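Colleague: The chain contents come next:
2 protein chains.
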Amino acid sequence: MQDNKFPPDVWSIIENKYQPEDLEKNASIFFIGNGYLGMRGGLAETTGGSLDSHKGTFINGFYETGPQLYAESAYGFPEERQVMLNLPDSTEIRIYLDDEPFCLDNGRILEYERSLMMKEGLLSRELLWESPEGRRMRFRSIRCVSFSRQHLALISCSISEVTGARRIRMISSCYTGTVSHKNRKSDPRTGAGFVHLPLECVDKKIVGGRAALYQRTVNSALSLGTGVSNIPLQGLRQISAEVHQDRIDFTFEGDLSDERTFKLDKYIAYYSSIEAHSGDIAELVSSELSRAENDGGEEILREQREHMKRFWDTADVVIDGEDFQQQGIRYNIFALYQSAGRDGRRNIAAKGLSGEGYEGHYFWDTEIYVIPFFTYNFPEIARELLQYRYSILDQARKRAEVLSEKGALFPWRTINGVEASAYFPAGTAQYHINADIAYGIQQYTSSSGDFDFLKSSGAEILVETSRLWMSLGFFGKEDGRFRINSVTGPDEYTAIVNNNYFTNIMAANNLEYSCDVINGLRTEDPAWYAAFSIRLGLAEDEPELWRKAAELMYLPYDAELAVHSQDDSFMQKELWDFTGTPPEKYPLLLHYHPLVIYRHQVLKQPDVVLANFLLSGRFTRIQKMRDFDYYNPLTTGDSSLSPCIQSIMASELGRHSEAYDYFVKTVRMDLDDINLNVADGVHIAAMGGSWLSIIYGFAGLRESGGILSFDPRLPDAWNGLEFRILSRGSVLQVEMSRKKAVYTLVSGDELILKHRGIEHRVKIGSSLVCSTVPRLRAVIFDLDGVITDSAEYHYLAWKKLAVEEGFSFSREINEKLRGIGRLESLEIILEFSGISLPKAEKERLAGIKNNYYRELISRMSPRDILSGINDFIGELKSDNIKIALASASKNAPEVIEGLGLSDSFDIIIDAASLEKGKPDPEIFVLAAEKLGFSPSDCAGVEDAEAGVSALKAAGIFSVGIGPAASGADWVLGSTDELDYALLRKKLKRT
Amino acid sequence: MQDNKFPPDVWSIIENKYQPEDLEKNASIFFIGNGYLGMRGGLAETTGGSLDSHKGTFINGFYETGPQLYAESAYGFPEERQVMLNLPDSTEIRIYLDDEPFCLDNGRILEYERSLMMKEGLLSRELLWESPEGRRMRFRSIRCVSFSRQHLALISCSISEVTGARRIRMISSCYTGTVSHKNRKSDPRTGAGFVHLPLECVDKKIVGGRAALYQRTVNSALSLGTGVSNIPLQGLRQISAEVHQDRIDFTFEGDLSDERTFKLDKYIAYYSSIEAHSGDIAELVSSELSRAENDGGEEILREQREHMKRFWDTADVVIDGEDFQQQGIRYNIFALYQSAGRDGRRNIAAKGLSGEGYEGHYFWDTEIYVIPFFTYNFPEIARELLQYRYSILDQARKRAEVLSEKGALFPWRTINGVEASAYFPAGTAQYHINADIAYGIQQYTSSSGDFDFLKSSGAEILVETSRLWMSLGFFGKEDGRFRINSVTGPDEYTAIVNNNYFTNIMAANNLEYSCDVINGLRTEDPAWYAAFSIRLGLAEDEPELWRKAAELMYLPYDAELAVHSQDDSFMQKELWDFTGTPPEKYPLLLHYHPLVIYRHQVLKQPDVVLANFLLSGRFTRIQKMRDFDYYNPLTTGDSSLSPCIQSIMASELGRHSEAYDYFVKTVRMDLDDINLNVADGVHIAAMGGSWLSIIYGFAGLRESGGILSFDPRLPDAWNGLEFRILSRGSVLQVEMSRKKAVYTLVSGDELILKHRGIEHRVKIGSSLVCSTVPRLRAVIFDLDGVITDSAEYHYLAWKKLAVEEGFSFSREINEKLRGIGRLESLEIILEFSGISLPKAEKERLAGIKNNYYRELISRMSPRDILSGINDFIGELKSDNIKIALASASKNAPEVIEGLGLSDSFDIIIDAASLEKGKPDPEIFVLAAEKLGFSPSDCAGVEDAEAGVSALKAAGIFSVGIGPAASGADWVLGSTDELDYALLRKKLKRT
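Protein chains in written order, with the working numbering: chain A, 356 to 1345; chain B, 356 to 1345.
Where hints are given, some of them may not hold.
Because identical chains share one entry, a pair is satisfied inside a single copy or across any pair of copies.
Said to hold, decoys possible - Straight line, CA to CA, 30 Å or less: simulated DSS-like cross-link-like pairs of lysine-lysine:
#, residue 1, residue 2
1, 1154, 810
2, 753, 1155
3, 1094, 1245
4, 1094, 1155
5, 753, 380
6, 1245, 761
7, 1245, 1194
8, 1285, 1343
9, 1341, 1194
10, 1118, 1154
11, 1307, 560
12, 560, 1340
13, 753, 664
Source of the hints: derived by calculation from the structure; they are not laboratory data. Since we're looking at a predicted model, the values are computed, not measured.
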């Protein structure tokens, strides 16, 4: 891959060598589009239809249908295929030097550059070519799909520096027939062709010097009008205009005797019956072209540059550090912007407008991976993407009926709203898309503040998706929990399972949110509610039943591992043999039968971890850590949707190098063709995901109730990061460096934001500057051996028991008990005496020992506080540093009471509430979380090895007391050496 | 359906009215075949290819392949379709009276009969017809597919009683082109056509006065030779013989002036490259025809009758009682005989040779539903069916490799051995077929005694299927149990589940049996073993690892319900809403999406119950009852494979009317077109199943180690049942009536058999006559209130406790405690005193009471035996009637000891071992089972309502003592009235 890398120009993607083997891949990379119209980067001089250089012109959502043929069909299988059509090519301009055709495969290429100029929103080519017979020319072209004129594309080209030829000829064509689609049968992720010719030519003619073409899809009955206008600008004269069987040609010639430079502008306009009345199409195409001709190519390019300036002003993400990544993220957000539909009638396809992979279908990718970028930059586009879902609600209602459900069941993949997934275990079974859409509505409205959307469209979707969940799931007879069976979660390496964790918790969120929204709107606008509830037949008690189902939602959990189980049966499956799987066997789906994949613990993407991210507030940090640590090693990376999420969660959990590694895979997935399938189109979800990785991962953005919170954690390789966020009408400029974060309100109302958990206000006129360097905010203490030495009391209590019961016991044995629980301690003691006792008896004896111990510690007093601790705590208190106690001992509160320190501790973690003891990080993670600080702003003091391990796993700076704690970040001989000022410094340097 | 019923002729299926709407259905019903060649009952006078009367000629296993097209494909999906070809029609004989064509749709039918003469193995037609123009004729034909000449069919026809015509003309044709296949897309159970023309005509000609036709399949490259010879026998002369584009015609004419009767014999011979070298086919066809012509039609018909006599002598099942059922079972076994391949190269298709449903594929139906009939009647055919599996073992090995497994993975459906199932959740996922094949081998060898088959073929299949299971499953980390995940069991209304009970227990049986066979052969024939183990790379320790997996096989069980769970998740699913499902919504698979079906507790067929039957010896009777009672109500009957098994298990469990109802559905499934799809072909598995229902169900046959056991339980509607069983070379004639069963050894060595659990020997020359009337063999006693009245001791013990603890207690309260457990009793007492206590305290008090009680009963003596009991027990003992104690009291053994009755009881059921107490039948079912008697040969004595209910549920004659037991079959005032002689009589009358 290294060889294929484009130069690290941060504003352009530059191909500086012509390599035929890259044509397909780079046709995807160099696509240009405006959300309505998309053109692959095919070479204009090659003829259309050649598979070697697969051209593609797409109108987002312009599709044909055909019968979906099954080897073995069943009730409810979708009967119709939908394919975004590859439209007849209009980009072709063939060039002849005298009679010698220009073709890169022949002759010599003396200079070559193709560049996607992202700043300008243009695709340019420039090359110096010598023909086999020795003629030469310089060829330049600019291709533009206009953002301000959705229906217009422009190709502006010139020929100069011609030698050896007396005449040049340019033939500009527009094809009229059906284009063959790419079809790689062996890979289910690519599109497939039709048996019939999908696009009929209704009329083709030359009108007013322009090509006019009217076509119609055979089954989906959509009309399309295409107009092409060729304007010779310099040195060229039109020779002919001819309507052929399969194309319309305009031929231009220029004589070298007259002129040295030849220029041609080609305007291409499209209108379809999706957005226009069929009868108006001819007129619309014609006026689009007239306007373009009047304004001229320069004006159109100027508009484009201007539009792009606004785009980058709003959306740019500036990475100070790695140019390849800077290039990658700009490419990605530019591709998103080029691909997203803007009129509520179309969405954003899995491959955007760059190729035919996934047949141009829309998936859950929109809501989960793409909408956040738009919400925080162009909320009007986010709204239109959601509006599209509303536009297909009736089809979703019909689909629910076919599946014997109530409400609406949104299609897993579709263009026109009808389910088009042919493999239901990884299609219709992914019911979670309904909750994902609800989640998209929730995020969009909360971040944008556009609550009107709920009344106009959102609430109806929420009601119908909630109804779906209610009929799909059921309250279990035995425990009353709400269960959802026979579904497939986002991880498609496991299919048709019961209680997929992701599905259930997202459904719970959907149900709860729907209830909140309906209740809220009922109070806020009774008249609206009255009409709405009548129209939808919404019963008075429906929303509260949704809440009940949400509250009682069954969420599988493995108590022993303390990990959320991906579904009811996941933990009982056999582990995948990763060591026995050679690299060439990935992606697994191309090398193993689904049944083999399904029966193992192996993931295409970690959907529990995705839930941890999406519903962040519902999980404790320790839970996220455990889920991440369990599922991450099981994840293959076979899905392009996976590494971005893994990156975000690794960032949040302090695994910074892992986070960076995953980010690298995401941000250049297409430019480096990491999955070796860019030829089929770019990976839109991963592109959105790379933005998420930066904003949610490295910048640590979270949003709740319109309040933004940031927790910067830049990769080591970066010096800085800049971006803007549009939140509820206010534009916030964010600049993060290794030491500080600067938040500047560019426009809009005052904002409340949180930086590393601390709330701030940002107003127009002054920037908020916050440190991103770790800053000591809390110290978490172990008890035994740190605050006091209760080891002596334990010794005395054990001694008393041993004497009474006749066991042997000594100080040597006592040393073995450091950090060990009560029952395990007794077992060690008994082993020394060679005694074996029944469990009940051991419990009894341990209980007696504990009584002795409690009796002893009840006599504790401040005299028992270890030397130096009082002073240290005093220093902390005086600088408002929070103090927590994290001891595994259930007697800790009594000890602290006895020591007279009860008022010193801000919190004492209840040891009984823990699922796992040290060296598990739970107790420390919990302490930091309860105090509300990032672990990196906390320090922990420990005297035992297990405790130090726990602190490290928690990402907390560890202070070790004594030899057993020598693995700590800062090791002290005794508590006497504790020093607040020094600790602050040490922490800052991490 | 009643209207369509054929008359109840016990030897023929007679259609006595021409009804065009029945043509398709009856073309299936009237198919004739010989295991190699099959012909649907199309009308000879209609032209081929018409969908209205779909003709079909099939050679078993003669197939074409084509690409398997998937809407969305994945790795390992079978790439090839296989379809048993409908061969060009050779049966056509068109008739003209003068120039008026004979056609049943025109003119008037004055007489009409079509009859499948099962006794003779022939299909006959006879009709008197008047043409639209008033000409008349009588037409007779006999169609014969010869059993003794596998490659030959004969149509012998005559015309007589002609009026109004001067000349008759018969045109006998043989088609040469491809025949269209039936294709009903909406129903996945029917076959589907090819895009290409599958059968190419290589040569067609007239040689030696016969039609000769050579064809070749395009993809599967099989050759087929067809020869047709027309022999005019009376009144006819050949006019012409012509080779046309699509057929070869022979035209015959007869003049009414010369003759009144006209006769033509048409011989049709087929040979294919499956069984012959391609180069030999022409010669083989020719000699087959020559031999037929030499022998003549009469001889061929005579042979057929003779062959059929031998068939019926061996295989007939005579039902005395219901002619419709008699007709049904004869039709079914005749169809099996007509359809089963006999040469180890072909098997028996799901629709036999009657139609194109399921594309002529072979399924598990063979081993589970069909082989028993052949094993017990024609073991040589059973062997060939298994030999076919051996012939495809290499393909199965390859398939295992594709699925990343070891050993062999047999195809779920196939003709040529390659997996042809296009829907893996109900195809490849049905791994159980491997265990089913092993089971078939086990049953066949055990019943036939043909252990040589193991060495030649069986052992190799056993090794490879065992290897499959070992690699498919795994030993669970936590409990070491062997688990098999992501499979589908026989019940296709649940798919891709973990630990399907049927699959796991059948796999365990496969593994264990394989180990036994290999170990046995290693000892028996070390030389064979040495060569075998080297050839298969069989490691020394492999078989014992199989046994270990079998022993540790995880078998899901719901402890609360005491029912085997169909799989890991079945019991957690939502119950299907049967009451909300109208009849027209069945079969569910045609009206609900698989996801809807999969997520509910609803069955296509009860596979746990099937396991209960197949591995009968592994289950207790009570377990079978519970499994049956749980799954039966969840079973839709949507599978034709289901009711026969339900009938058998209902028979075994004493649900005689249910058993009969299910049988009725099975035995006439095709003749009455119960599933409304006979047009696609008959239901071979259900046909085999109807034989199983009779032999395993009503006759109660089971086999173990070559020993047959019978437990007759004829339906009330029947007076008798007769059949023969061939077991290890001996032929046993079985005659069962309402009162007795007569076992007669017809030939072969002396047999050991069991009748109702009692072992007998049967020798040549004398019949064994056994009663089938219930006969008292054991009496099962409750203890309290029957043997002794310990109620008084309970009273005293409770009283003592109550006084000590200060509860109120009285005789009235004591009455409430009859039949109630200890802890529940205490709760009732506490309630009277208005006292509530923690559980531990209640347990302590109940323990104290029990100590008091045990103290009291330790003082019991024979004086405490209730009046009459000693005498009654004495009577039973003196007549060798077994005696059992079935008391829920854990103190029962002490009480019996105190009473001095320990020696009287043959068994005492350990109350602690029970899963459920009375009124659950468990204790009584267990007692009868342990004694080795049928419940209907036992009586039980009870004084409590719950006890009587338990007896009834157990199918045991109940004797009730006292008013609380008034629901019993025989109610007595006191134990004094117990009378052995009277009890014997009462029992006999049930």
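Colleague: So which of those numbered hints doesn't the model satisfy?
Modeller: Violated hints (numbers, rising): 1, 2, 3, 4, 5, 6, 9, 10, 11, 12, 13; every other hint is consistent with the structure.
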